[in-house]
Amino acid sequence: MRDVYIVGVGMHRFGRYPEKSYIELGRVAIMNALEDSGVDWRDIQAVYSGSGLSGMGAGHNVCAEIGKTGIPIFNIEQACASGTGAFQLAYYAVAGGIFDLVCVVGFEKQGRGFIPAENYPTWAREAGLGVYPAWHAQNAQRHMMEYGTTLEQLATVAVRSHQNGALCPDAHYQDWGNMTIEDVLNSRMICYPINMFMIPPADDGGASLILCSAEVARKYTTSRAIKAVTSKVATNLYDPELSAFGAVASGPLETEMVAKQAYEASGYGPEDFEFVECLDAFCIDEVQTVEALGLCKKGEGGPFVASKEREIGGRLPLNTDGGFVSRGNAMGATGPAGLIEVVRQLRGEAGARQVKEGKAKLALAHMIGAGINAFATVLQKNGP
Amino acid sequence: MQNQVPIDESVLRLPSTPSGQADLLSNKCCNCGEYIFPKKMACPKCFSRDVEEAVLSREGEVYSSTIISLAPPLYVGPLPYAIGVVKSPEGVLIPTTFTECDLDEPLTVGTKVEMVTVKHKEDGEGNEVMIYKFRPKKV
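Those protein sequence lines, which keep their order, are chains H and R. With this note's numbering, the residue at position 287 of the first sequence is 288, and numbering never jumps. With this note's numbering, the residue at position 11 of the second sequence is 974, and numbering never jumps.
Derived from the structure by calculation, the hints contain no laboratory data. No residue lacks a Cβ here, since even glycine has one placed at the ideal position from N, Cα and C. Incorrect hints may appear among the rest.
[What the hints assert, rightly or not] The calculated BS3-like cross-link candidates involving lysine-lysine, where the alpha carbons are at most 30 Å apart (straight line), are:
| hint | chain 1 | residue 1 | chain 2 | residue 2 |
| --- | --- | --- | --- | --- |
| 1 | H | K233 | R | K1100 |
| 2 | R | K1050 | R | K1084 |
| 3 | H | K309 | H | K360 |
| 4 | R | K1008 | H | K299 |
| 5 | R | K1050 | H | K299 |
| 6 | H | K382 | H | K357 |
| 7 | H | K382 | H | K233 |
| 8 | H | K299 | R | K1075 |
| 9 | H | K220 | H | K21 |
| 10 | R | K1050 | R | K1002 |
| 11 | R | K1084 | R | K1002 |
| 12 | H | K21 | H | K69 |
| 13 | R | K1008 | H | K298 |
| 14 | R | K1084 | R | K1101 |
| 15 | R | K1050 | R | K1008 |
| 16 | H | K298 | R | K1002 |
| 17 | H | K299 | H | K309 |
| 18 | R | K1050 | R | K1100 |
| 19 | H | K360 | H | K220 |
| 20 | H | K233 | H | K299 |
| 21 | R | K1100 | R | K1075 |
| 22 | R | K1008 | H | K233 |
| 23 | R | K1082 | H | K261 |
| 24 | H | K298 | H | K309 |
[As the list claims (entries may be wrong)] Just so you have them, the derived chain H footprint on chain R, three or more residues with Cβ under 8 Å:
| hint | segment |
| --- | --- |
| 25 | 968–977 |
| 26 | 984–994 |
| 27 | 1018–1031 |
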């Protein structure tokens, strides 16, 4: 397997754009990534496109707005990890010597309110069981019962998310950096005990990365090329402790499994990463995820995520772009957005959000999409 | 009296007599004994395809619960509503809505509950579509 590098990143800011189609969101993201890298569209050899809800030919429609070149275009669906799936397949293609220079894009267009639980049976959706936040809310109920995790700890995740998002030009919410724990806990109750301000928005957005071999990277940039060390995915494992529908929502078992695979493949472990982008969807997810990634012990996720060490200036910052709650969740674009934040941080280009004085070298990006799909990607400033 | 049909035949079997009770349907693995809800063609634990239908107990206890205040897409029913998971004596975790319960705070984990069958909606042919729910067991 060859080394794989990311030489360009670009996004369409997450938010609500009723006047824009998914095509425009994807197109803008790709154009920004091409500009960032200096790569010409005509040199791209394949496109990996991730979207959960955009339907047939979505990637093709986006690419047609840039130029039809006859190259392979693959459309990948893995719910909120659709774009991460596109990234991983692109990574494998370059690593395996199939292509030398490829484009990854994720995009989504969503309405307000609950995301349609399209992977649930219709009877369950009619009955009111197809509500992703409800399963996360129940995970919170049980985590609080079993380990003493508190609502204040969950609210701290939302507060920190908005502090970070306020510093991120591509984040949906940039004006809520002064949100307090009380603001979160007093906001409208949606799925008890999850309040409105713990819930990510259903966004429109786009995100794109340009991947290539080491030899190709050297033609464009050496100082700004970030190495994708490994990328792994794990899907549904049987968990008798999670109901059929709860399992689709959360995935701590799958995160544990994929983390182990990524750690073995990369030779790095939880103690090596200098910052992490991970699932934090309803705040409880960040608690479960840090435990499953081995960043802390099972049951200690609550105090861990609420610690000041998770802030931008801390020892192990989490979700410095604002994560699901503040940067937002534009399904197919969400995974790539997290990967892009890692790239920007490792490049020293994260502006006011910069961690570790720009000297960080190693980070982990984790994402979950309903299905379930749990992804882990290790990124490193090293070469090409 | 209106004809009644289940919301999904693989999930609920309505009684054949007026005094009968409805059956909540699962599969049971003939190889390892695991119960599977909703039904699957293969056992998720041991992967055996030798599974047969089994009726679940009508009583259980609350494993988790929450209350939802906004209507999700396709939802038919009142707002707010209570939803959660019931652990059956067979060890199955059953996603369900709850009825005849407080809508200010979710049911406490461990609360004893029992299954009832209620009207979900009317279909296009004038039938009553029936669904299972669980309610706190009357002491």
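Each hint, compared with the structure:
The suggested pairing of K233 of chain H with K1100 of chain R is violated, with an alpha-carbon distance near 46 Å, which exceeds 30 Å. The suggested pairing of K1050 of chain R with K1084 of chain R holds, with an alpha-carbon distance near 26 Å, which does not exceed 30 Å. Annotation: proposed proximity of K309 of chain H to K360 of chain H holds, straight-line Cα distance about 20 Å (limit 30 Å). Distance hint between K1008 of chain R and K299 of chain H is fulfilled; the C-alpha atoms sit about 24 Å from each other, no more than 30 Å.
Between K1050 of chain R and K299 of chain H the alpha-carbon distance is near 23 Å, which keeps this suggested pair within the 30 Å criterion. Under the criterion of a C-alpha separation no larger than 30 Å, the hint pairing K382 of chain H with K357 of chain H is consistent with the structure, at around 13 Å. Between K382 of chain H and K233 of chain H the CA atoms are separated by roughly 19 Å; this keeps the pair inside 30 Å, and the hint holds. This hinted pair checks out: K299 of chain H and K1075 of chain R have alpha carbons roughly 29 Å apart, not beyond 30 Å.
With a C-alpha separation of about 35 Å, the suggested pairing of K220 of chain H with K21 of chain H is violated against the 30 Å cut-off. Restraint check for K1050 of chain R and K1002 of chain R: satisfied, since their Cα atoms lie roughly 16 Å apart, inside the 30 Å limit. With a C-alpha separation of about 23 Å, the suggested pairing of K1084 of chain R with K1002 of chain R holds against the 30 Å cut-off. For the hint linking K21 of chain H to K69 of chain H, the alpha-carbon distance of about 21 Å falls within 30 Å, and the restraint holds.
With a C-alpha separation of about 27 Å, the suggested pairing of K1008 of chain R with K298 of chain H holds against the 30 Å cut-off. Taking the CA atoms of K1084 of chain R and K1101 of chain R, the gap is about 26 Å. The hint holds against a cut of 30 Å. For the given pair, K1050 of chain R sits about 17 Å from K1008 of chain R by alpha-carbon distance, which is consistent with the 30 Å threshold. A distance of roughly 35 Å separates the Cα atoms of K298 of chain H and K1002 of chain R; the hinted pair therefore is violated under the 30 Å criterion.
About 19 Å separates the Cα atoms of K299 of chain H and K309 of chain H, which keeps this hinted pair within 30 Å; it holds. Under the criterion of a C-alpha separation no larger than 30 Å, the hint pairing K1050 of chain R with K1100 of chain R is consistent with the structure, at around 14 Å. Under the criterion of a C-alpha separation no larger than 30 Å, the hint pairing K360 of chain H with K220 of chain H is consistent with the structure, at around 24 Å. For a cut-off of 30 Å, the pair hint linking K233 of chain H to K299 of chain H stands: about 22 Å separates their Cα positions.
Using a Cα cut-off of 30 Å, the hinted pair K1100 of chain R and K1075 of chain R holds, with the two alpha carbons roughly 6 Å apart. For the hint linking K1008 of chain R to K233 of chain H, the alpha-carbon distance of about 24 Å falls within 30 Å, and the restraint holds. A C-alpha spacing of about 47 Å is found between K1082 of chain R and K261 of chain H, which places the hinted pair above 30 Å, so the restraint is violated. Distance check on the hinted pair: K298 of chain H and K309 of chain H sit about 18 Å apart at the alpha-carbon level, within 30 Å; holds.
Coverage of a stretch by a chain is defined here by at least three residues with a beta carbon nearer than 8 Å to that chain's beta carbons; for the segment 968–977 of chain R and chain H the count is 3, and the condition holds. For a cut-off of 8 Å, the count of residues in the segment 984–994 of chain R with a CB near a CB of chain H stands at 0, and the three-residue condition is violated. As drawn, the segment 1018–1031 of chain R meets chain H at 6 residues by the rule of a beta-carbon pair under 8 Å; at three or more, the given contact holds.
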